[in-house]
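Asker: If you want the building blocks of each chain, they are given just below.
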Amino acid sequence: MSRAVVFGGAYAIAFFSFLFGPLIIMVITAFNSSKFPRIVPWDCFTTGWFAELFGNQRLMEGLLNSVIIGVGVVALAVPIGLAGALALSELPSKLRAMLYTVLILPILIPGVVLGISTIVLWGQISRGLGGAVQAGMYNGYFLTIVGQITFVSAYAMLVFIARLQRFDATQTEAALDLGATPGQAFRKILLPFMAPAIGSAAFITLLASFENYNTTVFTVLSESTFTTALASKVRHGTDPSLSALAVIIITITLVGALTNEAVQRRKEAELGGKASRSPLYANPLTRALTHPGVVFAILVAIVATVSYVGSKHDSSVCEAAILQDKLDRQAELRAAQKAKIEAQEVEQGITVPKPEGGFGGAFGGLGGAAPVAPAAPKPEGGFGGAFGGIAPPAPSE
Amino acid sequence: MPETSPVSSPDRSVLLDHVSIRFGNFTAVDNANLKINSGEFFSFLGPSGCGKTTLLRCISGFSEPTEGRVLIGAKDMKGVGPNKRPTALIFQHLALFPLMSVADNIAFPLEVRGVGKKMRRKRAEDLLDMIALPGIGDKKVSELSGGQKQRVAIARALAVEPDILLLDEPLSALDLKLRQHMRTELRAIQQQVGVTFIYITHDQGEALTMSDRVAVMSKGVIEQVGAPDQIYNRPRSSFVASFVGENNALKGIVKVQSEDMAALETPMGTFEARVGGGRKYKPGDEALLFVRPEQLVPGKAENAFQATLSRQEFEGATNHVFARAGDTDLRISMVNGGLAGSVGSTGDTMSLGFAPMNATILPVGQIASEA
Amino acid sequence: MKHVTRAYRALANRHGMGAALFVAIAVTLWVVVFITLPQLSMLDYSFRFNLPADQIGTEADHYTLSNFHSFFFNADGSLNRLDLVILGRTLLAAAIVTLIDVIICYPIAYILAHGAKGVAARLMVIGLIIPYWINEILRAFAFRVLFGATGVVNTVGMQMGLWDVPVDFIRADVALYFGLSYAYILLMIFPMYNAIEALDHTQVEAARDMGAPLWRVHWRVVLPIAKPGIVSGATMVFMLTAGALAAPQILGGPSNLWFTQVIYQWFNESSNWPRGSAYAVVLLLTCISFVLLMMRVFKVSVGEIGK
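Order-wise, the sequence lines are chains F, Y and S.
By UniProt numbering, the letter at position 256 of the first sequence is numbered 256, and the numbering carries on one by one without gaps.
By UniProt numbering, the letter at position 51 of the second sequence is numbered 51, and the numbering carries on one by one without gaps.
By UniProt numbering, the letter at position 18 of the third sequence is numbered 18, and the numbering carries on one by one without gaps.
Keep in mind the hints are simulated off the structure, nothing from the lab.
There could be a bad hint or two in this list.
[Unchecked claim] Cut-off 27 Å, straight-line C-alpha distance, at most; resulting in silico cross-link-like pairs (BS3-like, lysine-lysine): (1) K251/Y - K300/Y; (2) K188/F - K122/Y; (3) K188/F - K84/Y; (4) K227/S - K94/F; (5) K188/F - K117/Y; (6) K267/F - K139/Y; (7) K300/Y - K267/F; (8) K188/F - K118/Y; (9) K188/F - K140/Y.
Sequences are here, hints too, so could you generate the full structure?
Answerer: Listed below in structure tokens is the structure:
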């Protein structure tokens with residue numbers, strides 16, 4: 001059996017390396033001054049990409065749009081999801097399976113299809129209505145909210161179904177028996193019971209709305225949300241400010257996950273009656289320290305301190321040195337190339353070096369030459385630079 | 001009715017008027033017809049699945065009878081929802097609201113009737129005093145012990161002074177000691193508040209000790225209604241005789257009946273006994289003779305017969321003796337007679353007898369299986 | 001309909017008129033206005049010509065099969081290999097990605113359900129969830145960082161002397177397959193985990209005790225229990241992969257389009273909505289038929305999905 005344990009452990013480590021490796025590498029690239037996100041070679045430690053990120057007008061506008069849309073989606077998808085879960089709870093089993101299939105379908109339907117069908121339908125409706133209604137209806141905000149609700153509500157519903165399954169129906173009966181109207185029983189018994197689920201459904205729907213690309217990229221029309229702005233930035237050339245964004249999101253996630261863990265642990269200890277016995281909760285100091293609020297505050301304080309220190313970091317001297325180094329190296333290369341070509345011209349007359357050969361030569365030369373900065377800023381730039389070095393003889397063909 | 005008549009107590013009776021409840025082809029309750037008197041402690045006793053909970057839900061308004069009527073305080077309850085009936089139900093698992101404090105639980109019936117916060121708090125504290133748990137109003141439900149929860153559930157049910165309190169096996173989740181203690185307490189509370197208690201249980205001990213009257217149910221049918229001692233001593237059907245308390249059943253053929261006494265011929269001999277349920281038998285009819293373990297007396301001359309002692313179980317105050325006569329296993333309960341009271345050892349032959357008045361002849365019918 | 005009204009009445013009795021009305025309205029709105037009507041509208045659109053606004057509603061505006069026809073055939077009547085191949089390749093690639101996910105996720109789901117205890121299990125769950133808090137686009141970006149021409153894989157590979165010219169992982173779709181396999185792992189693991197967790201661990205021990213080798217224990221004892229979870233997870237992963245747009249746009253090579261990208265082009269670059277709608281209908285129908293086929297093959301119902 002121990003062989004299985006060793007294998008299992010090794011596999012788990014490999015699996016989680018696959019999950020976290022790309023993220024960790026991305027995080028590291030956020031602090032490298034190289035204009036292309038990479039780890040090796042390392043130029044300078046910098047925090048400049050964060051400033052660059054916040055200076056991105058389009059992303060920041062998208063963020064605001066995403067918040068507006070997210071609030072709208074949460075406000076509608078959570079009640080709709082709750083209604084779906086309640087409806088399923090009262091239907092006879094055959095009809096329930098049918099409705100469940102219909103309601104869960106939007107999660108499975110390609111987001112592209114949802115986006116298209118949304119703009120087609122509402123395009124037709126608003127064209128039919130015309131005028132001010134058309135303007136109010138046929139815009140990126142409205143369409144995106146409507147389009148996202150279609151499937152985001154299903155996420156909310158799944159959360160509510162799970163919670164409802166744990167509801168003891170005699171609670172409602174008890175309330176009715178004690179004189180509550182059905183409405184009062186709903187408001188005073190069922191809804192409070194559902195409250196935590198409402199919270200997590202709101203969170204999940206907000207996240208799903210925020211994250212969504214496939215549907216939104218169609219429905220948002222000429223506006224952009226945070227995610228669509230991000231996507232278009234990634235598609236049109238990347239730089240490490242995106243890595244900086246990843247750092248921010250991962251940090252928020254970790255703080256959230258750790259705080260949540262503290263909440264869960266405490267709740268479990270209290271429910272299990274272990275709280276009074278556990279030494280961790282008996283000691284007033286450790287008890288206070290493990291309080292979710294305190295955990296959260298400490299984490300936020302750490303993040304704030306690190307951010308402040310980081311924002312004071314100045315990498316311009318190092319970057320200038322790197323740049324100078326690069327320029328020197330380029331000049332050196334150019335000179336060497338020139339000398340070589342001149343020598344060749346002298347020897348063989350005019351010959352055109354094959355581009356591939358040029359590439360290989362340029363790279364080979366660089367690779368062997370230095371551990372720092374093999375290429376200029378962007379990959380294309382790098383190639384271009386290499387070409388540039390070889391280019392002069394070409395026109396003489 | 002004028003409001004200024006505190007002397008005349010309200011009508012807290014429940015009348016089940018030929019009530020039947022069916023689910024599709026299944027009859028859960030078959031023609032229940034009885035009256036529960038105002039202020040009575042009334043129990044429905046029966047094995048699980050006998051229809052007693054269905055009947056209770058019908059009285060509390062969670063379901064309507066398929067046939068017949070339910071009258072509470074002489075008013076027909078047809079179409080009256082559970083929240084509009086003067087009944088309060090204590091659920092089997094109590095159904096206390098875990099998200100509310102103890103005081104909020106107790107005051108919930110007042111809250112939904114629009115009573116102000118101060119009044120609610122006052123009433124909750126009064127009720128907590130009544131159940132002898134003062135000052136726990138701000139605790140969470142999860143912090144209470146089993147017995148405390150029980151009492152809080154009762155206090156909550158009594159908060160708006162219902163006419164009828166329905167209890168659905170509320171003691172079944174408690175351990176034995178607490179259960180016995182709560183029996184006394186329930187009875188005391190009932191006498192204090194004067195509300196009609198309708199109690200559902202499969203535990204005959206609970207039914208017999210607490211109730212004014214008991215209805216024994218089996219398979220949807222009410223077999224017998226009566227005071228506990230009547231149920232125990234004068235069963236009217238073989239089910240009641242076998243379900244309530246321990247009983248020995250001897251199968252035989254009626255030889256002769258005169259008024260309420262009859263002679264039954266069994267493989268062990270012919271015995272004389274009382275005829276149960278006022279029935280008439282022809283000679284030659286098959287019947288069962290029930291005699292309680294404590295009524296079988298060694299050496300008694302009446303209805304005497306021989307048996308072989310198979311084993312004994314000593315249980316302090318009582319000694320349970322098991323014997324075999326012919327192909328019938330018998331159970332005999334003997335009061336511990338001190339060191340002198342030994343009846344013999346395994347394999348010994350013993351002579352047993354019983355008084356005709358303390359045995360009952362009943363028609364062959366359903367025998368409650370051992371729990 | 002009788003059942004619907006009965007369910008409505010049950011709701012009203014239990015939760016009150018207001019709640020019942022709210023449920024009825026919200027669910028109707030969801031099913032009719034948000035789910036059904038848009039699909040019908042898109043279907044309707046796919047049978048229309050791409051007309052300028054002033055011609056809509058005129059005689060020229062009538063139903064046509066031309067959009068579907070031109071998906072299957074070129075103008076000269078030959079098969080439209082370009083689009084058909086893209087669709088076929090998309091489905092095939094999605095199926096491969098799904099299969100990869102099933103294989104890499106199964107051991108983890110099993111370890112999580114029956115191997116890991118206490119803190120380790122907790123950490124694993126957190127570890128599985130955290131990557132999914134991070135934006136889909138950024139996750140794709142991470143793979144671009146990894147596999148780009150100056151990415152970590154290339155620099156490390158070249159420094160180790162494994163290859164001396166940067167390999168174009170993007171053009172070769174390696175980055176895309178990695179990115180897609182990565183993207184929906186969580187949706188594969190959790191249904192699998194839920195199914196496997198229901199297995200009584202003593203069954204595994206009993207089978208081992210009787211001398212069954214590990215692989216046979218899994219094949220005969222664990223897999224049958226895990227099957228509904230696997231199918232549920234596989235359905236979600238397949239549908240989401242086949243319908244993915246961001247990852248192919250970011251990680252896909254310029255010459256190998258994903259079918260969603262073709263749809264995207266018809267809409268956003270050619271402004272031919274009817275044609276785009278027709279392609280969307282084709283995608284939807286093929287995906288659903290594919291999934292239904294798989295469910296029939298593996299004998300699992302739709303009701304299992306999402307649990």
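Asker: Does each hint fit the structure? Answer for all of them.
Answerer: Each hint, compared with the structure:
Between the alpha carbons of K251/Y and K300/Y the distance comes to roughly 21 Å, so the proposed pair stays at or under 27 Å and holds. Restraint check for K188/F and K122/Y: the C-alpha separation of about 21 Å stays at or below 27 Å, so the hint holds. Between K188/F and K84/Y the CA atoms are separated by roughly 18 Å; this keeps the pair inside 27 Å, and the hint holds. As the CA atoms of K227/S and K94/F are separated by approximately 23 Å, the hinted pair is consistent with the 27 Å bound.
At most 27 Å may separate the alpha-carbon atoms for a hinted pair to count; K188/F and K117/Y meet this at roughly 15 Å. A hinted pair counts as satisfied when its Cα atoms are at most 27 Å apart, and K267/F with K139/Y qualifies at roughly 17 Å. For the proposed pair K300/Y and K267/F, the alpha carbon gap of about 67 Å is over 27 Å, so the pair is violated. The straight-line distance between the Cα atoms of K188/F and K118/Y is roughly 19 Å, inside the 27 Å bound, and the hint therefore holds.
In summary, the hint linking K188/F to K140/Y is supported, as the alpha carbons are separated by about 17 Å, within the 27 Å threshold.
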